[in-house]
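Asks: From first to last, the protein sequence lines are chains Y and X.
Per my numbering, residue 1 is the first one in the first sequence, and the count goes up by one each step.
Per my numbering, residue 1 is the first one in the second sequence, and the count goes up by one each step.
Don't take each hint at face value.
Unchecked claim - Result set (EDC-like, lysine to aspartate or glutamate): computed pairs, CA atoms no more than 20 Å apart in a straight line: (1) X:K64 / Y:E163; (2) X:K93 / Y:D177; (3) X:K93 / Y:E163; (4) X:K137 / X:E121.
To be verified - With the C-beta cut set under 7 Å, the calculated list includes, among others, these residues of chain X facing chain Y: (5) L13; (6) N60; (7) E63; (8) K81; (9) A95; (10) A98; (11) R102; (12) M106; (13) R110; (14) F114; (15) H116; (16) A126; (17) V130.
None of these hints come from the bench; they were simulated from the model.
Owing to the predicted nature of the structure, the values given are computational and were not obtained by experimental measurement.
Ideal Cβ placement from N, Cα and C applies to all residues, glycine included.
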Amino acid sequence: MSTVPTGTNVESYRVIRNKHVGRYVAAVVTVLLLLSVVLAFARADIDWATVGEYLTAKSILTGFMVTIYLTVISMAIGIVLGILIAVMRLAHNPVVSWIAWLYVWFFRGTPVYLQLLLWFNIAIVFPRYGIPGIYEGRTVDIVTPIVAAILGLGLNQAAYTSEVVRGGILSVDRGQDEAAKALGLTGLSSMRTVVLPQAMRVILPPIGNETIGMLKTTSLASAIGATEILNEAQHIYLVNNLIIELLIVTAIWYLLAVSVLSIVQYYIERHFGRGHAAQTAGVGLLSRIQTVLGTSRRNP
Amino acid sequence: MSTTDTATSTDPLVRLEKIRKSYGSNEVLRGIDLKIASGEVVCILGPSGSGKSTLLRCINHIEKPSSGFVIVDEEVIGFRKDARSAGALRELKEAELARQRRTMGMVFQRFNLFPHMTVLENITHAPRLVRHVASRKARERALELLDTVGLKDRASAYPGQLSGGQQQRVAIARALAMDPALMLFDEPTSALDPELVGDVLEVMKKLAQQGLTMIVVTHEIGFAREVADRVVFMDNGEIIEQGPPHAVIDDPQHERTRAFLSRVL
Ligand SMILES: Nc1ncnc2c1ncn2[C@@H]1O[C@H](COP(=O)(O)OP(=O)(O)O)[C@@H](O)[C@H]1O
Ligand SMILES: [Mg+2]
Numbered sequence: 001m002s003t004v005p006t007g008t009n010v011e012s013y014r015v016i017r018n019k020h021v022g023r024y025v026a027a028v029v030t031v032l033l034l035l036s037v038v039l040a041f042a043r044a045d046i047d048w049a050t051v052g053e054y055l056t057a058k059s060i061l062t063g064f065m066v067t068i069y070l071t072v073i074s075m076a077i078g079i080v081l082g083i084l085i086a087v088m089r090l091a092h093n094p095v096v097s098w099i100a101w102l103y104v105w106f107f108r109g110t111p112v113y114l115q116l117l118l119w120f121n122i123a124i125v126f127p128r129y130g131i132p133g134i135y136e137g138r139t140v141d142i143v144t145p146i147v148a149a150i151l152g153l154g155l156n157q158a159a160y161t162s163e164v165v166r167g168g169i170l171s172v173d174r175g176q177d178e179a180a181k182a183l184g185l186t187g188l189s190s191m192r193t194v195v196l197p198q199a200m201r202v203i204l205p206p207i208g209n210e211t212i213g214m215l216k217t218t219s220l221a222s223a224i225g226a227t228e229i230l231n232e233a234q235h236i237y238l239v240n241n242l243i244i245e246l247l248i249v250t251a252i253w254y255l256l257a258v259s260v261l262s263i264v265q266y267y268i269e270r271h272f273g274r275g276h277a278a279q280t281a282g283v284g285l286l287s288r289i290q291t292v293l294g295t296s297r298r299n300p
Numbered sequence: 001m002s003t004t005d006t007a008t009s010t011d012p013l014v015r016l017e018k019i020r021k022s023y024g025s026n027e028v029l030r031g032i033d034l035k036i037a038s039g040e041v042v043c044i045l046g047p048s049g050s051g052k053s054t055l056l057r058c059i060n061h062i063e064k065p066s067s068g069f070v071i072v073d074e075e076v077i078g079f080r081k082d083a084r085s086a087g088a089l090r091e092l093k094e095a096e097l098a099r100q101r102r103t104m105g106m107v108f109q110r111f112n113l114f115p116h117m118t119v120l121e122n123i124t125h126a127p128r129l130v131r132h133v134a135s136r137k138a139r140e141r142a143l144e145l146l147d148t149v150g151l152k153d154r155a156s157a158y159p160g161q162l163s164g165g166q167q168q169r170v171a172i173a174r175a176l177a178m179d180p181a182l183m184l185f186d187e188p189t190s191a192l193d194p195e196l197v198g199d200v201l202e203v204m205k206k207l208a209q210q211g212l213t214m215i216v217v218t219h220e221i222g223f224a225r226e227v228a229d230r231v232v233f234m235d236n237g238e239i240i241e242q243g244p245p246h247a248v249i250d251d252p253q254h255e256r257t258r259a260f261l262s263r264v265l
């Protein structure tokens with residue numbers, strides 16, 4: 001509390017703003033640290049011309065496409081199956097609910113790396129697939145590294161997505177489902193057109209993060225020989241020994257893809273925020289990108 | 001599903017037969033019997049916790065009664081006559097129950113509009129999805145109904161941009177869009193600022209005058225006195241007394257009714 005003698009004209013006071021010393025100290029320290037990292041890279045024996053050269057090498061580009069492909073397909077499986085499992089988990093039928101619980105228990109309970117190896121070696125357990133006598137074949141013929149990667153990543157993702165979706169569904173006021181049912185909607189159409197669209201507001205931010213996570217987790221597929229970008233980079237540096245250069249090339253592509261995904265996420269979230277204008281209005285794309293990239297200032 | 005063998009013009013539109021509902025060991029409804037004629041407006045009064053909401057929710061089977069039957073327009077809600085054994089009732093599949101619910105509109109205390117849809121989409125959603133009404137027709141009907149509730153100019157607004165009173169009027173229009181034979185109102189003005197109550201009651205009065213059958217749970221004694229054909233007083237899961245508004249409100253026969261009215265009047 002400041003004491004202002006009665007009768008003084010408050011407007012005549014000069015305002016002295018806080019100096020925010022901490023911010024300047026933090027900025028200086030950060031710049032120094034960054035400089036030292038940059039210097040280390042500059043002094044290290046890194047052939048930057050090679051980095052530029054390999055950035056658009058054909059095998060790197062195809063590897064990157066495989067990475068994107070794995071991400072998209074695995075997330076698609078993860079989301080569709082995840083919604084299904086979430087709805088099953090919330091079903092009145094106890095058997096259905098229990099199956100969903102068991103699924104999540106298994107796929108969240110084991111490392112995704114192990115699941116990839118399991119799928120890749122599934123032929124040991126199931127040497128043949130199909131309906132005997134009608135339609136069958138050798139499992140090793142269909143479970144290629146890419147197929148094993150999609151199965152492993154997609155089914156694992158579904159377990160995580162289902163928990164996110166379940167939380168989203170439970171966050172929607174019960175009155176919404178009741179209103180829909182009172183209007184003559186079945187439980188399923190109420191879920192599809194009333195509850196889920198609203199749950200999306202809660203579901204999408206974590207799904208966006210998980211997509212970004214998936215983009216990077218696909219690199220584990222290199223361990224089972226899926227020819228995604230890291231695998232391609234490893235193939236190259238095992239031959240020419242330009243390890244750091246190729247890892248930098250790979251990092252650049254990952255950073256690029258993550259940045260693009262962050263922008264896409266912004267627009268999707270805005271779409272599903274429909275009817276909640278107050279929460280999204282005024283947050284521009286630029287400030288959003290700054291937030292994502294960690295470059296935003298908290299106060300203008 | 002023809003049951004015309006028992007139907008005559010004097011049959012009530014709604015018949016509640018010994019409705020009981022328990023949550024665990026808590027018996028919330030203790031055998032409610034009620035008949036409501038087509039075009040009748042019945043107001044249900046009673047203290048908080050007496051089971052009024054539960055009764056409404058049992059009528060459209062959002063909540064399943066523990067026992068007893070709800071019969072609307074000669075259809076037993078939630079059941080159908082079993083084809084094989086006479087006198088037996090078979091529980092309905094969910095889709096069939098959903099079809100039965102279309103004959104009953106419901107208006108909630110907290111509006112429960114769909115926040116992700118515009119006013120127009122809120123109203124056209126069920127007719128289009130459930131009754132497969134063509135988009136243009138649904139839209140025309142919705143604008144007509146919005147006109148009835150005095151909100152024609154807010155068709156493209158989102159519920160979050162409307163006042164409580166406006167939201168409740170949209171909710172009424174939304175229920176009416178399914179052309180229900182019966183409307184259930186659960187304290188439609190209890191969540192509203194006092195100055196917004198009048199507009200909503202005005203709309204409801206208009207509907208009553210148009211001959212819509214209505215069951216209204218309310219604390220608005222003035223509305224009940226003016227609009228209701230019959231007032232039902234409930235306490236502790238039972239109907240204590242009922243009759244024309246002047247009889248129940250101005251000359252209650254039971255001590256519990258008197259005690260309740262002395263608190264709200
Ligand atoms: N879903 C429920 N589970 C358990 N108890 C409930 C549930 N719904 C209502 N009740 C109980 O039933 C009683 C009657 O509630 P309600 O019908 O809402 O009364 P009113 O609408 O007259 O205020 C209350 O004691 C309430 O706690
Ligand atoms: Mg109530």
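Asks: Each hint: holds or not?
Replies: For each hint, the structure was consulted:
In summary, the hint linking K64 (chain X) to E163 (chain Y) is not supported, as the alpha carbons are separated by about 29 Å, beyond the 20 Å threshold. The straight-line distance between the Cα atoms of K93 (chain X) and D177 (chain Y) is roughly 18 Å, inside the 20 Å bound, and the hint therefore holds. A C-alpha spacing of about 29 Å is found between K93 (chain X) and E163 (chain Y), which places the hinted pair above 20 Å, so the restraint is violated. Annotation: proposed proximity of K137 (chain X) to E121 (chain X) holds, straight-line Cα distance about 13 Å (limit 20 Å).
The restraint placing L13 (chain X) at the interface with chain Y is violated, with a minimum CB-CB distance near 18 Å, outside the 7 Å limit. The beta carbon of N60 (chain X) is positioned within 7 Å of a beta carbon in chain Y (closest approach about 6 Å), and the interface hint is therefore held. Restraint check, E63 (chain X) versus chain Y: the minimum CB separation of about 9 Å is more than 7 Å; hint violated. Below 7 Å, beta-carbon pairs count as interface contacts, and K81 (chain X) has none with chain Y, the closest being about 22 Å; its hint is therefore violated.
At a threshold of 7 Å, the smallest CB-CB gap from A95 (chain X) to chain Y is about 5 Å, leaving the interface hint in force. At a threshold of 7 Å, the smallest CB-CB gap from A98 (chain X) to chain Y is about 5 Å, leaving the interface hint in force. Taking 7 Å as the C-beta contact cut-off toward chain Y, the hint placing R102 (chain X) at the interface holds, the least distance being around 4 Å. The interface hint given for M106 (chain X) holds, since its Cβ lies 4 Å from the closest Cβ of chain Y, which is under the 7 Å cut-off.
Satisfaction of the interface hint for R110 (chain X) is found here, the shortest Cβ-Cβ separation to chain Y being roughly 6 Å, below the 7 Å cut-off. Checking F114 (chain X) against chain Y by beta carbon gives a least distance of about 6 Å; that is within 7 Å, so the hint holds. Interface hint status for H116 (chain X): upheld, as the beta-carbon distance to the closest one in chain Y is roughly 5 Å, under 7 Å. About 4 Å separates the beta-carbon of A126 (chain X) from the nearest beta-carbon of chain Y, less than 7 Å, and the hint is met.
Interface restraint check for V130 (chain X): the shortest CB-CB distance to chain Y comes to about 5 Å, inside 7 Å, so the restraint holds.
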